[in-house]
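Chemist: Here the structure of chain A is known, so what remains is to put chains B and C in place on it, guided by the hints.
Chains as they are written, first to last, in this note's numbering: chain A, 1 to 659; chain B, 1 to 252; chain C, 1 to 243.
Hints were generated in silico from the structure; no laboratory data involved.
The reader is advised that the hints may include incorrect statements.
Unchecked claim - Computed footprint of chain B on chain C, listed as stretches where at least three residues anywhere in the stretch have a Cβ under 8 Å from a Cβ of chain B:
#1 9-15
#2 103-111
#3 152-161
#4 166-175
C-beta: ideal position from N, C-alpha, C; glycine also.
Next come the chains, spelled out residue by residue.
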Amino acid sequence: MAKVLDSKIPAGPVPEKWKEYKAHQRLVNPKNKLKLDVIVVGTGLAGASAAASLGEMGFNVINLCIQDSPRRAHSIAAQGGINAAKCYQNDGDSVYRLFYDTVKGGDYRAREANVYRLAEVSNNIIDQCVAQGVPFAREYGGMLANRSFGGAQVSRTFYAKGQTGQQLLLGAYSSLSCQVNAGKVKLYTRYEMEDVVIVDGRARGIIAKNLVTGKLERFSANAVVIATGGYGNTYFLSTNAMGCNCTAAVQCYRKGAMFANPSYVQIHPTCIPVHGDKQSKLTLMSESLRNDGRIWVPKKIEDAKKLQKGEINPWDIAEEDRDYYLERRYPAFGNLVPRDVASRAAKERCDKGFGVNNTGLAVYLDFSESINRLGIDVIMQRYGNLFEMYEEITDVFPGDLANEINGVKYYKPMMIYPAIHYTMGGIWVDYELQTTIPGLFAIGECNFSDHGANRLGASALMQGLADGYFVLPYTIQNYLADQSIWGKISTDRPEFDEAEKAVDAELTRLLNIKGKRSVDSLHKELGHIMWEYVGMGRTAEGLKEGLKKMHELEKEFDTNLFVPGTKEGLNVELDKAIHLRDFFTMGQLVAFDALSRNESCGGHFREEYQTEEGEAKRDDENYFYVGCWEYKGKGVEPELSKEPLEYEAIKVQTRNYKN
Amino acid sequence: MAKNISFTIKFWRQNGPKDAGHFDTHEMHDIPDDTSFLEMLDILNEELINEGKEPFVFDHDCREGICGMCSLYINGTPHGLTERGATTCQLYMRRFNDGDVITVEPWRSAAFPVIKDCMVDRNAFDKIIQAGGYTTIRTGQAQDANAILIPKEDADEAMDCASCIGCGACVAACKNGSAMLFVSSKVSQLALLPQGRVEAARRVKNMIAKMDELGFGNCTNTRACEAVCPKNETIANIARLNREMIKAKMAD
Amino acid sequence: MWLLNSSIGRKVVMSVTGIALILFLTFHCAMNIVALFSGEAYNTICELLGANWYALVATMGLAALAVIHIVFAFILTAQNRKARGNSRYEVSTTVNPGKVEWASKNMLVLGLIILIGLLVHLQNFWYNMMFAEIAGFTNGHSPADGFAFIIDTFSHWPLVVLYLVWFAAIWFHLAHGFWSAMQTLGLSGKIWLKRMQCFGLIYVTLLMLGFTVVVLGFYFGCAPSLDCCPDGACCEAAAVCCQ
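Same shape as in the complex, but just chain A (with noise of 0.2 Å):
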């Protein structure tokens, strides 16, 4: 039976619904928030900002990440910025104006309360970091600076550099160190959630396995919240880090928690092209250079040809034969089109034969014309590291003069293709971030609420942090408000004993499997089919197909993986061997959710659905919903549950980045 899924969105019209919630959402009182603990699983943007806060209000916190530190995070990583309508460039930006324009980014897809209150919030967080001291970039007279983004008109984007993850996740880190040093927050590095406690129908607490020594610890709280990332490494090759895995939000999934959209994956357009089969993982060259970088493939196919084999180099090729095909086909936007967008075109250009690497598969992205307007040194001022970073991969720096043709100098381009950067989809939670489980709630890039099918450039900042700092703190005490009276949960509770059996049984049937096959070598296969099947353009027959490959891998996992060592100590194996697990349950659900969904919109490109001219066609009659999943056990299909979308404040139109 499907279920009805009660997003709890509060009445009244858009632009007043947080306003009114947070005026009538009930509250914790001071002695009782003494009382009530909080588990925080992860410590990325959404994860340390969380515990900070709640720590800070009062609550006990439990906060555990499988790093080192909390400071390692993925999150640090990402480059470019994040957004907040805050105007300081008068250039008409307004709250409205970015609630609008992240929900055209997510193709209308995307839950209207929840991105306007995330437009809402995104001008405290800028307030929230520069007051704990984040460095962000300024102009002469002390303002701070701003740059512009794919699929915005405003420069709204605020940044640190090319390091504004890392800025902003060290802002949070160290409010999360403040409540760790006022005792408020007890941290747990080097652990990972294994599998979430259900006690009467209610999230209480966790089973955690310490990955130096190996056991299964037992946490209890009165509300479990989970902010542990996406599920990018699935395709294994992914601009994620290699910790990154989505065994906490597979568990939860399978506990009973929706998991939504899961085919709304996104494909990053600016990405150092695969080199080799031993390649562990896709670096992210930020988007950021788009603002300057033009791109480009050959227009004449004998030029291509001619690329490929290395026979010429692009700087060869006169400015006449070269297709600025972003340019070309989405004049308004040019080389600022949204992601999605920007990546299927590279894709079809490749498919077309016009691709420029040894492999067919890279196109050019090329700072020439930006360097002869604004000189070497403003171009090095912006992007030197980022140049640098490209040099030390690919033995190319894009800032070498290498020809000049008719009086117009070219610089050797860099080479990029599109890559799996991050996923829209995650974890139902409804308004106030809770998922179906009650009790258990989801932030970050862990949940799936904010983005739609597609999410723009440095939004993902923008929603671990108002999820952290400014939404949970406030919601989960509207659940809280009357869990005081349960007190401490015991951990000796037969919830707890047969959740950590379950755990410790599965660690001990992986050990035991003692077939060939690393969990690596598992692993990429299992990547070459989701890129392959469930990658950029999917087809019903391919994802059939991929379904099948998928399973068929998965037995073979079940069957002759080998996991060397013991379950006691550090086993780093036997962890991945855990999250590869998951990412199969993670794979068939893509591709379930992919076949489901009869047209094309933002991260999810069915081919069946396209415009004569390649474009993405939604179907807003029959797909005009949340794609909610059910786990039915496993190797079996998936139930579908909808949460039909209402747009009140915007009107569904056909994305447009043409004119």
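Modeler: Frame of chain A; chains B and C shown alone:
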């Protein structure tokens, strides 16, 4: 064009902080030189696992030089030798030659006990930050971000100080096992910004006290730290830290 | 007491005592240069610094500075070795060659060489002069005749060589020590570090050149204060000539 190289890798094995530890060696064949150092170690591990051995344990995560997790001491230099400073994950095999012997060791410092092989415990850094590496503000109560103007030069310099990734290479390279570059980077960042000045004296005293308590050594200005810092932090930060500390103590 | 308990405090003590000792060396050098020109003037200064109460207090102070400097050096080194831990790197550090000054890593060794030199030096001069005056004995020359002791000491080539080695060690020690002290006192920064290093190098070089010139001047008999020889041909064995 990528070429392939073969070499011997000599890597540190240590089962826990109390174990004496030893080196294992392994021959690596035909590794493309556009492979990153950590990808090369992935290949090593794949080979070890296929031989039924336990993989070589090392810390790594983002593999793009920002998380600060990777921490290998390669051929006598933390993170390996590059001209402009890079983390281990940004080191590529083209920096090595056919026939080399590559020695991989953990950070060796009393404050960073070995967990396993080349994975060390850098919890001490967190403890130092917890002692005062923040501004004590309440969520949601901050004034408008442009209310206090900050000169661009100050903001830029604070940004440079804030770039520290907490990898611990400075401690690993220092003959005194001193954490001054790490501590000074955080103290400097906050000392340069008006938002951080309010608690400057309290912060520097607490952080230094914690650093001493955790058993880090005394700075003797050898500058080994800044020579290996992947984010090019400079000892100008240490001078500022000293200044802040003396100022704070004088005012007591 | 943060000067004892805190790492930065201990380093501040090292810096302050170090700078004070450099100032003393400056004074000492100036005094030596006087000897280069006039034995009489030099002896006047020696007399001023004989067993007078203020000279004794100053000497005690100076000795205290040196002792504190040395004791702290040992404390700091012991702590640093402990912080380094028991396991040593298999491949010794090759951190970007040239970026780490040799002296900076060997300050204690240099300090020990300086200490040995100091003991010899004290035996040569202080024992025969101030101490002799207090204890009431004479060793060759009158305790007040410092000039004679100079001529005496620097007529022996092994002592001259020893002094030159000693000066080299001091040069290395101070070449790092000067800017290092400024750095520790926080009187440095991105720009000032280079200025301090430059100033320190020039200052220390001039200082040690001053000492060297005096020693060599007396050894080769070229010091103008030795022009007691009527024909000016006293370069061979200055001391003998003057007697």
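Chemist: With a cut-off of 8 Å between beta carbons, are at least three residues of the stretch 9-15 of chain C near chain B?
Modeler: holds (count 4)
Chemist: Quick check: the stretch 152-161 of chain C, covered by chain B? Criterion 3+ residues, Cβ under 8 Å.
Modeler: violated (count 0)
Chemist: Three or more residues of the stretch 166-175 of chain C near chain B by CB distance under 8 Å?
Modeler: Coverage by chain B is violated for the stretch 166-175 of chain C (0 residues, Cβ < 8 Å).
Chemist: Check whether three or more residues of the stretch 103-111 of chain C sit with their beta carbon closer than 8 Å to a beta carbon of chain B.
Modeler: As far as the stretch 103-111 of chain C goes, the hint holds, because 3 residues have Cβ atoms under 8 Å from chain B.
Hints 3 and 4 from the list above are not met by this structure, while the remaining hints are.
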